[in-house]
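Novice: Chain by chain, the residues:
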Amino acid sequence: MIAVGERINGMFNDVKKAIQTRDARIIQDLARRQTEAGAKYLDLNVGTAAEDPEAAMRWLVETTQAAVQTPIAIDSQRLRVIKAGLEVARVPVMINSTKSDPEQLDKFMPLALEHNAALVCLTITAEGVPQDVNKRVEICANIVAKAQEHGMPMDKVFIDPIVLPINVAQDQPKYIIEVIQQTKVLSDPPPRTIVGLSNISQGTSQRALINRIALVMFIAAGLDAAIVDVLDSDLMDAAITAEMLLNKQIYSDSFLKAGRM
Amino acid sequence: MNIPDVREKWTGGINEVVLGATRAEGGTRDKVIRIGGGKTIPLMRFEGDIGHPPVIAMDVLDVAPEDWPAPLLAAIKDVAGNPAAWAKRCVEDWGADLVCIKLDGLDPDGANHTAEQAVETVLKVKEAVGCPLIVWGCGDHAKDNEAMPKISQALKGERALLGCAEEKNYKTITAVCLADGHNLITLSPLDINIQKQVNILVSDMGFPLDRIVIFPTTGALGYGLEYTYSIQERGRIAALTGDKMMAMPVICDTGYESWRAKEAKSADAPEWGPQELRGPIWETVTATTLMQAGVDIIRTRSPQATAAIRRAIARFYG
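One line per chain: the protein sequences are L and Y, in this order.
Each residue of the first sequence is one higher than the last, beginning at 0 in numbering that gives the first Met the number 0.
Each residue of the second sequence is one higher than the last, beginning at 0 in numbering that gives the first Met the number 0.
Calculated directly from the structure, the hints in this document are not laboratory data.
It should be emphasised that the depicted structure is a prediction, and the values quoted were computed from it without experimental measurement.
For glycine and all other residues, C-beta sits at the position ideal for the given N, C-alpha and C.
Hints should not be assumed to be uniformly reliable.
Straight-line Cα separation of at most 27 Å, DSS-like style, residue types lysine-lysine; simulated pairs [said to hold, decoys possible]:
| hint | chain 1 | residue 1 | chain 2 | residue 2 |
| --- | --- | --- | --- | --- |
| 1 | Y | Lys87 | L | Lys247 |
| 2 | Y | Lys8 | L | Lys247 |
| 3 | Y | Lys38 | L | Lys247 |
According to the in silico footprint, chain L covers these stretches of chain Y (three or more CB under 8 Å from chain L) [claimed, not checked]:
| hint | region |
| --- | --- |
| 4 | 65–78 |
| 5 | 179–193 |
Only some residues are given here: those of chain L computed to face chain Y with a beta carbon under 7 Å [what the hints assert, rightly or not]:
| hint | residue |
| --- | --- |
| 6 | Thr240 |
| 7 | Ala241 |
| 8 | Glu242 |
| 9 | Asn246 |
| 10 | Ile249 |
| 11 | Tyr250 |
Please model the complete structure; the sequences and the hints are all you need to start from.
Specialist: Dropping the structure here:
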């Protein structure tokens, strides 16, 4: 599983403060610790409080890549903030994310291609988040068709089927599993799938446990990537073990370590 | 009709390992040899870079072989017990790319040579030939751990390939190879899980991955060849899909293993055809089969097999 470290996000107080005061140490410490913990990408999100979000994103990208060579996921809902990050990025980039209306994809896919970046496509359109499997798969098929139209390689397309909090929509996880499975047969090679995991346990009393079990279930269904708290070592151990059991990694006595390399 | 594109797209590859160092690089070798570098399955040129062709390392024993079958012994009889002359013949007459100095004489149950004797042997071979060197211990951990630091030191700068690091005995040889700039063979007993584990253990000591050569242990034709093949194949595919702990070139020991087969060594079996052909055929078939799974250094013993394997390499990689 491609682990995307979620911690450099202005929603967390320490990061919010670091962005405000331009305190590089906090960001770089998080970048290093997440990389050591097995993050293959570092998600960078300036949060909602940043005064000048474009300048903040530029600073986050530059600060992070001054400390580690780990690829980054530039995380924003605003195109100009994403572009600001892309301008200064020297490491491989994942753009996180775009909604999947055709006109949105027509904007984001050429941008991703131009920067040789991966692109997270949410199964959200102007109509909102679909509540069932069929609508989600229909959006996935449209994403694949658009990627083919733009000549975007499928290993750069990450479809996010949108994980909702379990205490809001308890029927959703099994839909997510079905969508992950069905996405695999949309094209050959198939697009990749990604989830923002932590959302599933929002507001619950057992966040870590729910995150961990959900991730293993999604991995078993074929999930390729997840935006997670990589510093949660139980979570990472569970993900690595699941992949080892699926024969995606050759077993060795140090398999938990090997899975983070 | 459209023909489907069946090419696999791999994300990883086999590390390139450099063996030997010339005078300009601080050694004394005439040439360096590069192995590995493949970015796809062997022979699948249409998919990508198949890397450097395999090279042949001929065995040179530090003692006169006692149990070699007559046809094998015949070729080296006059130089047995004289490793320098033996090595020279391997390189000059039989075209070996490297020599593998096999220190069986260190074995306490055998000649029980001292570490100093082993160093002397290695240095004589070094003077006699200009090719890069492989030095392989006797397998007795205590004895190897005594000798290898001295051999490593004596060869400092030569970028030799020393073996073997094993799961239960890896620290000494890894440390000296690291200190003296040599390459390292990691051994696992036909067990892909241990193979990966040994690589993790030596890399934990700070040993660079691009100086490791894997010895997954070889089974000859009729004696586990298909098992060896499937392990090497699985390792190669893991490497190609990005497993850095499996991305090392592979060495196989076709000489010793093939000549252990009764079909190769039995003198009294006329129904199997002339004995002088059986051994070389056994070595050749074992080696050329493993080449298709992915092998980078082939250890041989007979000159006929060496020549036949050389022709096969030229045909596969020419």
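Novice: Taking each numbered hint in turn, which are not upheld by the structure, reported in ascending numerical order?
Specialist: 1, 4, 6, 7, 8, 9
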